[in-house]
Amino acid sequence: MTTRVAQLRNAFDRNFATPPPPLEPARSDFLCIRVGGEPSAIALGDIASLHADLRVVALPSHATELLGVAAIRAAVVPIYDLGVAFGVARTSTARWTVLLRDGLAGFAFDGYDGHARIADRDVAAAPPGGHVRGQFTHDGQPRSVVDLRSVLTAIETRWRPRRPAEDQ
Amino acid sequence: MTRFGDWTFGRKVGSGFAVTIIALIVIGLTGLRSARTMIANDERVAHTHLVRRQLTELLAQLVNAETGQRGFVITAKDEFLEPYTAALVSVEKTHAELRRLTIDNPNQTRRIDDMHPLIDGKLAELKRTIELRRASTFEATVALIAGGEGKQIMDKIRTIITAMDQEESSLLETRARDSESSAETTRLVIEWGSIGAILLTVIVGWLITSSLSTQIGSAVRHIQSSSTELQAASNQQATGAREQATAMAEIATTINELLATSRQIAESAKRVSQIAGQTATAARTGETTVTRGHEATTTVRKQVDLIVGHMLELGKKSQQVGTVLDIVSELAEQTNILAINATIEAAGTADGGRRFGVVADEIRKLADRVAASTKEIRGMVEEVRSAVNTTVMATEAGSKAVDVSTAQVLDMATAFRQISSLVGTTTDAAREIELSTKQQATAVEQVNLATTTAAGAMRETEASATQILQTASQLADLSTSLIRIVQAKAA
Chain A
-19 MTTRVAQLRN AFDRNFATPP PPLEPARSDF LCIRVGGEPS AIALGDIASL
31 HADLRVVALP SHATELLGVA AIRAAVVPIY DLGVAFGVAR TSTARWTVLL
81 RDGLAGFAFD GYDGHARIAD RDVAAAPPGG HVRGQFTHDG QPRSVVDLRS
131 VLTAIETRWR PRRPAEDQ
Chain B
37 MTRFGDWTFG RKVGSGFAVT IIALIVIGLT GLRSARTMIA NDERVAHTHL
87 VRRQLTELLA QLVNAETGQR GFVITAKDEF LEPYTAALVS VEKTHAELRR
137 LTIDNPNQTR RIDDMHPLID GKLAELKRTI ELRRASTFEA TVALIAGGEG
187 KQIMDKIRTI ITAMDQEESS LLETRARDSE SSAETTRLVI EWGSIGAILL
237 TVIVGWLITS SLSTQIGSAV RHIQSSSTEL QAASNQQATG AREQATAMAE
287 IATTINELLA TSRQIAESAK RVSQIAGQTA TAARTGETTV TRGHEATTTV
337 RKQVDLIVGH MLELGKKSQQ VGTVLDIVSE LAEQTNILAI NATIEAAGTA
387 DGGRRFGVVA DEIRKLADRV AASTKEIRGM VEEVRSAVNT TVMATEAGSK
437 AVDVSTAQVL DMATAFRQIS SLVGTTTDAA REIELSTKQQ ATAVEQVNLA
487 TTTAAGAMRE TEASATQILQ TASQLADLST SLIRIVQAKA A
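Top line first, the protein sequences correspond to chains A and B. Counted the way my numbering counts, the first sequence spans residues -19 to 148. Counted the way my numbering counts, the second sequence spans residues 37 to 527.
Pulled out of the complex, with its shape left as it was, chain B reads as follows (with noise of 0.2 Å):
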């Protein structure tokens, strides 16, 4: 069995329309039940008085007749005896109808059924007295009635009327507080059924529209949710499907470029071919012009090494120049010693010895300008030595280098003959490339088709989330609307 949460809307409003129906079905029934009571009641209350009102017409005929007999006694005129005519008829009547009324109290019909005979009794002692004063006079006739016949039937009668009014008296109470009794129960169940049925109905009321306004509020804040959702779902798509169509179209564009490209390949792979053969060409001439050179490097090898040794020559020369100036250095400096010995010699002698002082300073002067002579030709010898050691020097890295040069060049001519074979190698991979990238344009041209194609696909998304964002931002709104409607404390 669902819980009441999870019935549908159609059951829970035709279930509280049911129990309200049924409630008030239930109080109608009984508030008919109890009126008809009530009504039967008051029936039997209106039968009780209607039986009193007879007896008491009964009694009132009876009088009637004898009011009638005795004017008729006093006067003897027909006038008087108008009442006992008119009773002699009503009484049976009467007397017929509350046998009826009476039929269902054995006690009543009883009183009735013996009442019968004194009301015979009395009419006969009536009709006996009215016929005697016919026939007599009216001393005979008050002499008949003084024998108290017609005094005793009229108080048995009466005692019999008043039995019969005191039970009617004491069915009357009777029935008056059954009556009362109906109405009261017919009024509470009127008021009380219309209390509860009201409380019932808003009871149900309520629970009905506390669940639908849950469940429908949840529902609709479910879609509010939803549409939320898709607003934002559909905006995001919108903007994908914008940036989409604008990278497609980026796309359009580079395979465009791409597509050029290819075809730039495709020229530039057939020239890498035929530049290969001229390479492969170029090659061959430069393995033999390598051959050329490796010969002139061992040509080369030969004279530096004949350099070599004739520098070294040259730096053993100079150190021998470099001895014979220090010999010239020394006799200098000896000259100088003697010049100036010479020159204090003469300062002391008389002026031969001044002209000698002259000739000292002249030749002291002369020592003077050979040591600086010696000391620039030494510096001189020494730059000589310097550029010796570093022309052989230069000149043995430069044996060391034509080594190198010629292992390089050898590395060289075999270089180039991998280049020449290589080269074959790169003409059949030029033409592959040109081959593949003529396939490739034309892949490439099929790919821009595509993409013009996915670009307008994008652009039609691109519509339709706009579509469905519009649709989304309606059916927020009418979510929104529906929540204001089914829960105003949402609103």
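Next up, chain A with everything else stripped away, as it sits in the complex (with noise of 0.2 Å):
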């Protein structure tokens, strides 16, 4: 054990000791999160913030994707569920939720792995119509980026309420 906290000091000594490493080709920061046990991954671009255990208020809805609405920096946000919105049935254990860049809707989702650095070259090209925009693979296993605003637009077109004039 004592072995084990010199270590950790040490390096939380080194990473200030040494110098600033030279640029690096091209890479993007990935959530590698599960969705209903898949393995699955969200750009960090595409996200605001990260949150766990966050309490989620209710709400009834025809929509079956919304877990209910949550407070993040003071904003009232509706709070989806991935599982859900992928055709998984719903589960209790999404503890996890990542907040849109734009502030307008967050995602739960049950698992989260860590974080990942992947060089552009070694994200591949997802097949068009889907939410999947690429694919890596991180450790060993592959994972599907998924496309958290072409999620939230089907959800929206799904359940968006009918104006009279659309009716007639």
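Warning: the hint list may mix true and false statements.
With the C-beta cut set under 10 Å, the calculated list includes, among others, these residues of chain A facing chain B [to be verified]:
(1) Gln(-13)
(2) Phe(-4)
(3) Ser29
(4) His31
(5) Gly94
(6) His95
(7) Ile98
It should be emphasised that the hints constitute simulated quantities derived from the structure, not laboratory data. All figures in this text were calculated on a predicted structure; none of them were measured in a lab. Glycine residues also receive a C-beta, built at the ideal position from the N, C-alpha and C atoms.
Each of the two chains sits in its own frame; use the hints to bring them together as a complex.
This is how it looks when you write it as structure tokens:
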């Protein structure tokens, strides 16, 4: 245990002692998550923040993906279940939440595996028409990059209230 | 009265010969009587022929006398009187002979008596005629003859002789028939008696032969069966004697081994007695050692209780470490979230934000390492808690085992005391075993001697059985030959 603590202390000090690293090839940051048990990823540039154990107040709604609303950074934001959006049955273990970069909505999921910095050339393009923007492999595990904006657009399109003129 | 089948051999043969002899005697007596009858009849026939010949002779003599008288009368020569002279002598003899021969027949006797004066008269008339011829002439003599006296006498004599001859002829016919009848009877007796005797002999012989064949055949078959059984029994006896001889040899070998074993047992019992004494000493030492062990076990029991208390305390401490680790883990997670959010914020700023992002990355990495270390420490703490639990359980089990050991040590002390007591009994028993085994060895030596004698007797029995087997085989062959002799069918 003492050795372990010493290693941690040395690593912390080395971080401040070593010069900044040289410029590396273009990389992108991803959050490695699990949606319905499936390994997935979210581009760090798509979100504004990550939260754990966020308090969500449930609201009655036709939208099955809507978990409720939560207060994030002094704003009331709707929270959607990312697993339900991908056709997986709702679970009560979605303790992780990300807030979209524009702050319009948040998405909850059941697992957070960590941070990954992937070179852009290692991110493969996904076929068009879905909510997946690309794919890469991290720690020997393939992951699909979820397009949260596309998911939110699809939810809003599906559950947007119809105006009387549209009904006629 | 016993049945014919139950008669003895001699009685049957004797009876057969007796029946045959009786039949031959009956036939012989009957034939002898018939022969005698036939001979008597033949004698009577011959007697009749003799009587008739004498009658003819008497008549011929009278005729010859008359012939001589007539020749002399005619010739007056004496040489012509020779027949007359011979007749004078023979007539009287012939008449006397006839009287003797017919003495048994009253009619013929009466006729002969009647004929006697006539013969005398005839001879007297002839004499007178011859004397007359000597004294006178031929004519005077012829005149006398012509008087017919001589002819009348001669006719009467011829009449009597004819009557006698007729009666004799009648008797001859009767006696001839009797003789033929006797001969026929004799022939019949001889023929049928012979046939009957032959048949009787054949029947008796067949009966005796059949009975004796059956009786002897049955006896011979019984002998053959008995000899076969005797052969089988002797064969079995020979085999049994051979097996017994082999078994006795094995028994002798086994007894020798038993003898050696008995001696070994005696030696072993002696050693057991010595070892039992040593064991008694060791048991007393063991009892002392067990008492010390009981004291040491009590001390171990107290130490184990202390260990259990310390281990339970260690478990509580490890639970507290786990609680602290939960706090550290939560702090690491929050640090990670903050670092992620700092990275996001840094991405939206200019150059200073990029450096802030680098710092945020380092904080995030540090948070990741802390989380990983926390996870690792949690695992170690869990292992410690698991080990503590296992140790506590093992210690409690050890405490129980110590209790059991304490009880077992007490039992062991009791057992050592019992061992010490029993070893004394064992020593006495070992000495008794040694003594008994020596006596047993002596007895086994005697049994060995007896077994050797019995093995010799078995070999002699085997030789006798083999001899009996050969004798039975010869008896079986002999009975087969007897059956072949007595009953051809059986052969």
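- Item | Hint status (Cβ of Ile98 of chain A to nearest Cβ of chain B, threshold 10 Å) | With a minimum Cβ separation of about 14 Å from chain B (threshold 10 Å), the hint on Ile98 of chain A is violated.
- Query: Holds or violated: is there a CB of chain B closer than 10 Å to the CB of Gly94 of chain A?
  - Reply: holds, 6 Å
- Query: Does His95 of chain A meet its interface restraint, that is, does its C-beta lie within less than 10 Å of any C-beta in chain B?
  - Reply: holds, 6 Å
- Item | Evaluation of the interface hint that places Ser29 of chain A against chain B, nearest CB under 10 Å | Where the cut-off is 10 Å and the nearest Cβ of chain B is about 5 Å from Ser29 of chain A, the hint holds.
- Query: How about Phe(-4) of chain A: closest beta carbon in chain B under 10 Å, or not?
  - Reply: For Phe(-4) of chain A, the interface hint holds, since the closest Cβ of chain B sits about 8 Å away, which is under 10 Å.
- Message: Tell me if the interface restraint on Gln(-13) of chain A is satisfied: Cβ within less than 10 Å of some Cβ in chain B.
- Response: holds, 8 Å
- Message: Just to be careful: measuring from the Cβ of His31 of chain A to every Cβ in chain B, is the smallest value less than 10 Å?
- Response: holds, 7 Å
Hint violations for this structure: number 7 only, all remaining hints satisfied.
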